[in-house]
Amino acid sequence: MRLWNIYLKPAVHRVPEFWSHEKIEYIRRSSQEGVPPYALEEAPSKIGRLLDRLVFKDLRPREVNELLKKANGLDVDVGLDFFGTRLSAPIYVGDMSFGALSGNPNIAIAKASTEEGVVAGIGEGGLHPEVAKYRNIVVQWASARFGMDMNLLRAGLAVNIKIGQGAKPGIGGHLPGKKVTKIIAELRKIPEGSEALSPAPHHDIYSIEDLAQRVKALRDLTGKPILVKVAAVNKIMYVAVGVARSTAEGIIIDGAGAGTGATPISVRNHLGIPIDYAIPVVDKWLRENGARSNFLVIGGGMLYSASDIAKLIALGADMANIGTAALLSFGCIMCHSCHTGGCPTSLTNMIGARPDLDIEWASAMLRRYLRALRLGLKAILYSLGMDSLKELAGRRDLLGLYYADEAVASTIGVDLMAEGEIAYFQEYAPTMPREVYEEGKVPIIGMGGVVPGYTYPARRPLDLLRIEAAQVTHPSVDPYREEVDVRVYVNGFTYDTPIVVPGIERAAVMAGYALGALVDGAGCPEPEYCLSTLPHVRVPPSRDIEPREGIVVIDERLKGDAWLEEAVALLDEKARQAGIREKMTIIAAGRFSSGADVYKLAALGADLVEPREAFELLASKQAHSYAAKRRWYENLISVLTKELKLAMGAGGITDYYHMVGNKDLLRSLDGRIAARLNVPVAGN
Amino acid sequence: MCGIVGLYALRQKVPVEVVVKALDVMKERGTPHGAGLALYNPSDKPRIKAFTRQPVGNRYVKLYNDLYDVELSELIDIDGYIYLNSKWIDVYKVVGWPADIIKTYGISGLSSNIWLGHTRYPTNSPGRLPYYSHPFTAGDVAIVHNGDLSSYGSNINFIRYRAHVKFTGNDSEAIAYLLSFLVRELGVKEAVEELMYGRRYRWARLDGPYAVSFIIGGPKPVFGAFVDPQHFRPLYVGMTDSMLIVASEAAAIKAIEPRAAVWALRSGEYIIAEGDEVHGNFKKRYVYPELPQPPEDAIDASQYDAVSLAPVVRAELQKRGEVKVVNVLGHRYLGNGMSSGTLKVWGVVGNASANVMSGGVYFVYGDVQDDFGDAMNGGLAAIFGNAGDAVGQAKRGGEIYVYGDVGSRAAIQHRGGVMVVGGSAGKYLGEYMGGGTVVVLRATNNEEVGNMIGRGMVGGEIYIRGEVPMDYISPVDKRALERYAKSLLIDGLAGVEDYTKLLDGAEPLAVEQRELTEEEIAKLSPYITKFNNIFNLNIKISRDIFTIIRPKK
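Heads up: the sequence lines are chains A and B, in that order. Going by UniProt numbering, the first sequence opens with residue 1, and the numbers climb by one from there. Going by UniProt numbering, the second sequence opens with residue 1, and the numbers climb by one from there.
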């Protein structure tokens, strides 16, 4: 039978994202040649990750890159001790489960990792017998306990308690019954064809002391070191200190932009913070709390180069988690269709639907890639005059940050070399997937790489804000099965959603009424549902709006001299100071289109939010009948509400009013935007 | 975060040592990063206590480094943090273990009728300063809290312009201020209800996990406790004729008063004591069978701490095949990984026991705390008492029999085997259930099962004796659905008769309320017989109405 062992051309994206053709090319060349194209970039970048803007102050990239040719002979040790097993490089190939990947990729990863002397996490899909043959693996205890038994727990070098992942912090998983084929069912120990749900939190871990209980229970049961995998959420420093105190031997932190098999787009793009913000503050907090020594810190999320790994270690990590890049080394083309089962490169497809991945080829590619990363690291370490990795850990003083603001630089504890802005803006038209309006389904996507304003252009300041998710310290809530209340009250009347529907046409008005939303327009069957019948004022966004009792609509269409974001935040604050906030209703109307945007504006201070852009996009589409059009609007309202609830549930918020004006739920990646909105910078 | 205890004694004063002993039983819930006590202790004039970097006046205790605990004679502006200002309440806080409180402040023998105690597992603030140790006070209100509020930001917004004080940034402190404000406005009962369910004030309700115990000082002090509506945190109640005790673990209550009737508060319940009255929305549920006498030749659990008994039991099981343990008081992980043999245990079994159990027989003469039987895939466990939350989580084989009640989220992700409950069950029974059979007999305790039954259920079946109200099972918001149907009618898109179809389509579960069929009786009988034999009962399942819940095909 034919096996799959070739590279296809990478996918082309409408809006540029992190996994560009250049980066894929870096990985492919490394995988083919066993040497990276370069160890350090020539110069810091003006846009992109902090890692792209960081330099080793005392190194000249050209000289370091020259060293690559003879890096193999350099007498520097880039390995480390992983609980009694000596690794050749500080690399953890992370936690891609059988089920998310289609079997042969899992085997290739375990094989290459063991043979090359790094370590691989096997994820939560049970222990594949072919994977079990390899020594350097880490098994996982996840919320669904798939395939859990003593045989699984006894395998591998360590046990990893999976609390969350960067691509969907605080969100559970769902493998549809049709994908639970015979072999997947056997390994997960569930009936074939059954729906495989993973709850968002572990229902025995609602707090740090609960985590400690599970850590000790697993240690008691296995005698092995215990790692805890979490997403880099806004308050990651508390999580990390808590994990260290739980007696776990280490933490795996997965940053925003990290890859996955399937996640709601609005969650992937807006929750959690990037790894280069998270690691330095985690390292600092652990040190201040006396919890850093003998505690392994592994960081991941959009990492691919030797330079990334070296900088992340200097920022405070011990090891790097490579996931997406490993898949890219043996063929991923970043087409974002993992969740469809139709992967064109035999990585995440339904088993049997395509030729199987060639394990020998794939593991050889990954081995050469890992070797290339090791050589790059050697060259960097040698140039720094260091003999071993240990000397580099936490050396933030060696780094300099270009093109950022002082608030960000001081947060991560690195010298600012040149002023600039993290945020970068670019105009592009939003799209609305068909499943949103035709089926009322929250759009799902595979893979990561999209962090607006950071690795992907932002369209407005709102995009730079990151939403909080819960990990360990309190539980997230599953809005599909548990109570997340988004009802809002205006003048004693109850609306079922805080989304205001622009009354563009009758179909929209009736859809809003049908779903219990306030309609910004006229013609509702019951007058309370139409804003036209309620006393209100409509003002442009400005810094000078005076608080007053009643309904205030801040409408972007009226232009104005301030960001809508800013006007909402200021008015909310002023009204609280004046003691009249509870007698006011603030409605924010403007150019934005997702449930995550609704969340952010609510957290800035809006009681209700009108995402005009989403509705206008739909208004411009032709439907074949009034009924169909109305259905589309209903589906849109329902999807926006679901996206909002997903984000709320991820943070463990069960009542909408707990987010209104709760800026503590937001962090900004950009210092200037943070200051104007009175929101903390990420990492604080 | 943390372990809490609260105590209200009508007739006798209880010495500090007893409270510390209860906290010590919950050592696994704490760290050396904070502990504290509050007690009802009236005085002629306000006690004002603060932490400062410099000694102030002559009444102070040097803590460590350059930190002092000072008592001020009047409210003055100081460079420090005032943590108490009340005539009725006294508070002691340390960075350390509970026993360090007595040592640090030399309060051995101090006694009171009302106590709060706390051992801390810091979550959102550093564990280096006693500022962040509980209890927190706001005026005459003192609280201890186990949890982590997701509503902290909005709660602080609510009180920031009402309390005008310096906050440490700790979420538990916010609870003290909210309670103090609400008690003034609404009285104690309404204040507690507002915190848990409120709609009167937009931003005063608490969200996320919390279990709280409080004292409200005054000539007639009020004591109370409440737990969040999701039951994300445990809170047990113990009662005797003259004493009310609340604690994060049943074992802690038993440590104070071995004879107390102990039960778990359910989601969203509260209990308040004033004078000799106890009131609240709680239900007393105290369900125990006759227990056999503990044997002489058993392992004595009191010789081991909460985590070191499990490996001893495991080794003995392997060696001898039959093990008996007595005096178990919150010892964890007992019987984890068990694959054969017989284990018999007397006392309160601690959290996360019988996990990944694959065979053998496990009898518990007493209660089990949370997460018993997690990832169990074979064997038999019988509990001669009650079970805490998430019993049988992700269980895919084997049998669990519980004489009394089970807590919240019983049989969550249950995928196989059988669970038979003699009493009742808390909220979220059978959440995410994927297979197997769960029977709730409501025989030893005929209380209604909590709501949110079968949320996300995709397989298996639940049998509950009696007619469970449909809105305890259905996730459908009928009011919203009716409005939707009306909107279709207005647009001429559907007729009146379509409402039933709409309603039916929205229901994810197939629910029947009827007598069991012969086939069902035949299927369940062997397990009911076993249940009856184990607990020496004679419960029958024929000719009673059952509510039968299955996912729709």
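Simulated from the structure, these hints should not be mistaken for lab results. Check each hint, because a few of them may be wrong.
With a Cα cut of at most 30 Å, we get these calculated BS3-like pairs of lysine-lysine [what the hints assert, rightly or not]:
id, chain 1, residue 1, chain 2, residue 2
1, A, K284, A, K189
2, A, K46, A, K57
3, A, K284, B, K166
4, B, K62, A, K284
5, B, K553, A, K224
6, B, K62, A, K189
Chain B is faced by these chain A residues, among others (derived, beta-carbon under 8 Å) [as the list claims (entries may be wrong)]:
id, residue
7, L153
8, P199
9, H203
10, S207
11, G242
12, E505
A virtual CB, placed ideally from N, CA and C, is assigned to each residue, including glycine.
Pairwise hint evaluation, K57 (chain A) against K46 (chain A), where the allowed Cα distance is 30 Å at most: Measuring from Cα to Cα gives roughly 17 Å; hence the hint holds.
Proposed proximity, K224 (chain A) with K553 (chain B) (alpha carbon, max 30 Å): Status violated; Cα separation ~43 Å.
Proposed interface contact between G242 (chain A) and chain B, which counts if any beta carbon pair is under 8 Å: 6 Å, holds
Given hint S207 (chain A) near chain B, where the shortest CB pair must fall under 8 Å: 6 Å, holds
Pairwise hint evaluation, K189 (chain A) against K62 (chain B), where the allowed Cα distance is 30 Å at most: Between K62 (chain B) and K189 (chain A) the Cα gap is close to 59 Å, so the pair fails against 30 Å, i.e. violated.
Straight-line alpha-carbon gap K62 (chain B) to K284 (chain A), limit 30 Å: 29 Å, holds
Hint check, L153 (chain A) versus chain B [nearest Cβ-Cβ separation less than 8 Å]: 7 Å, holds
Residue hint E505 (chain A), partner chain B, criterion CB-CB below 8 Å: 13 Å, violated
Restraint outcome when P199 (chain A) is required to lie within 8 Å of chain B by C-beta distance: Constraint on P199 (chain A) satisfied, holds at 6 Å.
Pair hint outcome, K284 (chain A) versus K189 (chain A) [Cα-Cα no greater than 30 Å]: The given pair, whose Cα atoms are some 42 Å apart, is violated under the 30 Å limit.
Hint consistency between K284 (chain A) and K166 (chain B) [alpha-carbon to alpha-carbon, up to 30 Å]: Status holds; Cα separation ~26 Å.
Hint check, H203 (chain A) versus chain B [nearest Cβ-Cβ separation less than 8 Å]: Check passed: Cβ of H203 (chain A) comes within 5 Å of chain B, closer than 8 Å.
Consistency note: the structure conflicts with the earlier hints numbered 1, 5, 6, 12.
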